[in-house]
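K.L.:
Okay, here's what each chain looks like letter by letter:
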Amino acid sequence: MQDQKPAEHGHPTAAVYLRVAAVLVILTVLEVGVFYVPQFHGVLVPVLLFLSAVKFTLVVMFYMHLKMDSPFFTFLFGGPLLLATAVILALMFLFGAFTLRR
Amino acid sequence: MSHRTSLGLDNRKMAFWAFIGSECLLFGSLIATYLVYKGRSVVGPYPHDVLNIPFTSISTFDLLMSSLMMVLALAAVQRSDMRWAKVWLFSTALLGIFFLCGQVYEFTSFVHEGLTLQRNLFGATFFVLTGTHGAHVSVGVLWLLTLWYRALRGKLTAANAMTVEITGLYWHFVDVIWIVIFTVVYLIQ
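Residue numbers (my numbering), protein chains in the order written: chain A, 1 to 102; chain B, 1 to 189.
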């Protein structure tokens, strides 16, 4: 079985893939580093979530080619992703994870 | 056989993105369950008692590198360089197997330390979330080895690049889910 020639391409080169991998490794080292440095403990959660979001975005944009592919694929992925995030936040809110302090 | 949809997109690729969207909801529900029950275990072991950050960091690095191998395999198939395609496909599967071995070691050591699925809320939500991810990695490894075997037999060519790309989409999705799990479960304790 052979595939038709894909039209929605324009994939990055191996050099771009290697640069993205280098950035991903650096971000992972930063994540682990931030975890072990006591000075960062006050801002640990937002910093880790930010670094994780950057890694997530890099993989999705470059390795899964959403940056170059049809925006419809971004819609197919982004819609459920937003819904899943909303479900997580709603459940955490309902179960008291964001209880306001008096 | 692939076909073009009315949007001019490959039908299999579109279907696979829709599948990945549904997987987002599956993992979203599991992550939500973990976070909702976080810190509510009434008996130990607790996360800080058992989680081994240096070990899991190596597993994370392993999975990130497997994603790199996967895109290099796709690039090799697209330029008809089947020799390197075979090397990268096998390397991706091998790194996936290393990740699974790490997970088996981690689960075994946790059980020896008293953390089981039935022990507390942390054990139940942790094992279900990471176990579901591990099951996805296992499927990915089998899929990659199948492609590698086809390549060895000369049945994988540049004309099958879309098949490799879809395999890559699955593998990278497994990787991005681990990026979230590593942060939410391991680093934010």
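Honestly, the hints are just simulated from the structure, not real lab data.
For glycine and all other residues, C-beta sits at the position ideal for the given N, C-alpha and C.
A hint or two may mislead.
Some but not every residue of chain B turned toward chain A, in silico, with C-beta under 8 Å [stated by the list, open to error]:
1) Leu35
2) Val50
3) Leu68
Quick list of the computed label-pair ranges, beta carbon to beta carbon [claimed, not checked]:
4) Ile26/A - Thr132/B: 47 to 53 Å
5) Gln189/B - Ala53/A: 16 to 22 Å
6) Phe72/A - Trp84/B: 40 to 46 Å
7) Ala14/A - Gly154/B: 22 to 28 Å
8) Gly114/B - Phe72/A: 47 to 53 Å
K.L.:
Would you pick out the hints that fail for this structure and give their numbers low to high?
P.N.:
As far as the earlier hints go, 2, 4 and 6 are violated by this structure, in ascending order.
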